[in-house]
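Visitor: Mind docking chain Z on chain S? Use the hints.
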Amino acid sequence: MSIPNNNATSKISPTGELTGVLLHLADNALILGQRNAEWCGHGPVLEQDIAITNISLDLIGQARNFYQYAAELMGNGNTEDSLAYLRTEREYKNCLLVEQPNGDWAQTMLRQFLFSAYQSLLYSTLANHPDQQLAAIAAKSKKEVTYHLRWSSEWVIRLGDGTGESKQRMLAAIDALWPYTGELFLPAAYELEAGIQVSSFEQAWMENIKSVFDEAGLTIPVNTFMQKGGKQGIHTEHLGYILTELQYMQRAYPDSQW
Amino acid sequence: MVEQNNIPKAGQSQPGKEQEIKKIMDILETVTDPEIPVLTVADLGIIRDVIVNGDKTEIIITPTYSGCPAMDMITMNIKLALSEHGYRNVIVKPVLSPAWTTEWMSEEGKRKLKAYGIAPPNPRQQVCDEKLFAANEAVQCPHCQSYHTHRVSEFGSTACKALYQCDECKEPFDYFKCH
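Just so you know, the protein sequences line up as chains S and Z, in that order.
Positions in the first sequence are counted from 1; adding 107 to them yields the working numbering.
Counting along the second sequence from 1, when you hit position 42 you're at 25 in the working numbering, and nothing is skipped either side.
In isolation and in its complexed conformation, chain S is listed as follows (with noise of 0.2 Å):
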């Protein structure tokens, strides 16, 4: 699917320049959506596994459509493919929590409704943004997330509210994911040039997260020391794998297709 480039101009926010908002946003849900890819075949059951799956999907899909729309502002021959395939690892502004590896089913669930959570409240507000093709691809991505949320909340609860067992395995990922749930509302240079305020829904997320913990039987974290850089291409060790297997064909086969 291509978006034809006739009129890119005219589609250029008054608030600043788009194309740095729009890589980190397609990165994010380039970069989940390949991790929650690695359970296809994995799942704990194939219900489960089909879901984790579908949720892969609608977040490549949502990355295409930024890619498309990030390729068409910047012109030069950029198209969806080079931005996912032949960018290197400092060049990408996804957020940390989205590269950290999917651990056990406690750990990818958490990520997910930690991330979910972020993304549902991010989509809407995007929903209003000025800029009119952001606002499409964020009011139809908002419908997809509704669904990815409740998913993860609900296994969220199920896991720290079920056995000794698989409340330790939450309360586990919960030390390794919480250090990096600081940088999602640390706002970005394109960001605020965007006119994008993510610390604006910090306090609505964090009461999001505290009543699906509440009823889960699951504390937030004090004092955690947290983690940024992502968002400015400076990640942890994980991403540069990722990148390895996802980028690999391109890179091997030269603009090869299927």
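Keep in mind the hints are simulated off the structure, nothing from the lab.
A portion of the hints provided could be inaccurate.
Unchecked claim - No farther apart than 27 Å at their CA atoms in a straight line, the calculated lysine-lysine pairs in the BS3-like style are these: (1) Z:Lys62 - Z:Lys6; (2) Z:Lys93 - S:Lys249; (3) Z:Lys76 - S:Lys249; (4) S:Lys335 - S:Lys317; (5) Z:Lys76 - Z:Lys39; (6) S:Lys335 - S:Lys249; (7) Z:Lys62 - Z:Lys39; (8) Z:Lys0 - Z:Lys76; (9) Z:Lys97 - S:Lys250; (10) Z:Lys39 - Z:Lys95; (11) Z:Lys153 - Z:Lys93; (12) S:Lys249 - S:Lys317; (13) Z:Lys153 - Z:Lys62; (14) Z:Lys95 - S:Lys250; (15) S:Lys250 - Z:Lys93; (16) S:Lys317 - S:Lys250; (17) Z:Lys76 - S:Lys250; (18) Z:Lys0 - Z:Lys62.
Stated by the list, open to error - Residues from chain Z that face chain S, not an exhaustive set, calculated with beta carbons under 7 Å: (19) Gly50; (20) Ser80; (21) Val135.
Note that the structure is a prediction, hence the values are computed from the model and not measured.
C-beta atoms are modelled at their ideal positions from N, C-alpha and C, and glycine is treated no differently.
Guide: Below, chain Z alone, put in the same frame as chain S:
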């Protein structure tokens, strides 16, 4: 949510060309969803507009889900079908806003889905909110018509479907979920 009477009708933007547009819509009636072959693109409600300008024909479509893999093939099949009827200069253009909803699916489409063994979306949206552990929707079994069914999984064989099972006839079935 979009009200029934706001369902976009192709060709509204072009008075005087109704006949030409009707001809194109009739051709589009033959293009089906590769994953649910009983549904045409018109049944799905993804044709948003048809714009005729001289020998140029523009078909505006909207995806059901962002990641729906059928969209590329649907685009190609629309071009092929129109080309068979002599339309050479065809552009299929995707738009995302307003976002597609199952309310745009035709009544005929719902009837065909059910006959095919897939429960059609319920006429009133019930699941598009964020409430956790929401009660399962009462979905009618497309095989034995019982409402005594339960949801197995919210995510099914394609992005647009959920997996249900009938408690009467015990058959599992797909439900084209509200969106």
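Visitor: Would the pair Lys97 (chain Z) and Lys250 (chain S) pass a check requiring their Cα atoms to be no farther apart than 27 Å?
Guide: Within the cut-off at roughly 25 Å; holds.
Visitor: Does Lys76 (chain Z) pair with Lys250 (chain S) here, judged by a C-alpha cut-off of 27 Å?
Guide: holds, 22 Å
Visitor: Are Lys76 (chain Z) and Lys39 (chain Z) close enough, with their CA atoms no more than 27 Å apart?
Guide: holds, 13 Å
Visitor: Within a Cα-Cα threshold of 27 Å, do Lys249 (chain S) and Lys317 (chain S) meet the stated pairing?
Guide: holds, 21 Å
Visitor: So if I understand the rule, the pair passes when the alpha-carbon distance is 27 Å or less; does Lys0 (chain Z) with Lys62 (chain Z) pass?
Guide: Given that 27 Å is the threshold and the Cα spacing comes to 20 Å, the pair holds.
Visitor: When you check the alpha-carbon spacing of Lys95 (chain Z) and Lys250 (chain S), does it fall within 27 Å?
Guide: It holds: about 26 Å lies between the C-alpha atoms, which stays within 27 Å.
Visitor: Lys62 (chain Z) and Lys6 (chain Z): Cα distance at most 27 Å?
Guide: This hinted pair holds, its Cα atoms lying about 15 Å apart.
Visitor: Just to be careful: measuring from the Cβ of Gly50 (chain Z) to every Cβ in chain S, is the smallest value less than 7 Å?
Guide: Constraint on Gly50 (chain Z) satisfied, holds at 3 Å.
Visitor: Take the C-alpha atoms of Lys39 (chain Z) and Lys95 (chain Z), compute the straight-line distance between them, and say whether it is at most 27 Å.
Guide: violated, 32 Å
Visitor: Just to be careful: measuring from the Cβ of Val135 (chain Z) to every Cβ in chain S, is the smallest value less than 7 Å?
Guide: holds, 6 Å
Visitor: Is it true that the CA of Lys317 (chain S) sits at most 27 Å from the CA of Lys250 (chain S)?
Guide: holds, 23 Å
Visitor: Are Lys250 (chain S) and Lys93 (chain Z) close enough, with their CA atoms no more than 27 Å apart?
Guide: holds, 21 Å
When each numbered hint is compared with the structure, violations occur for hints 10 and 13.
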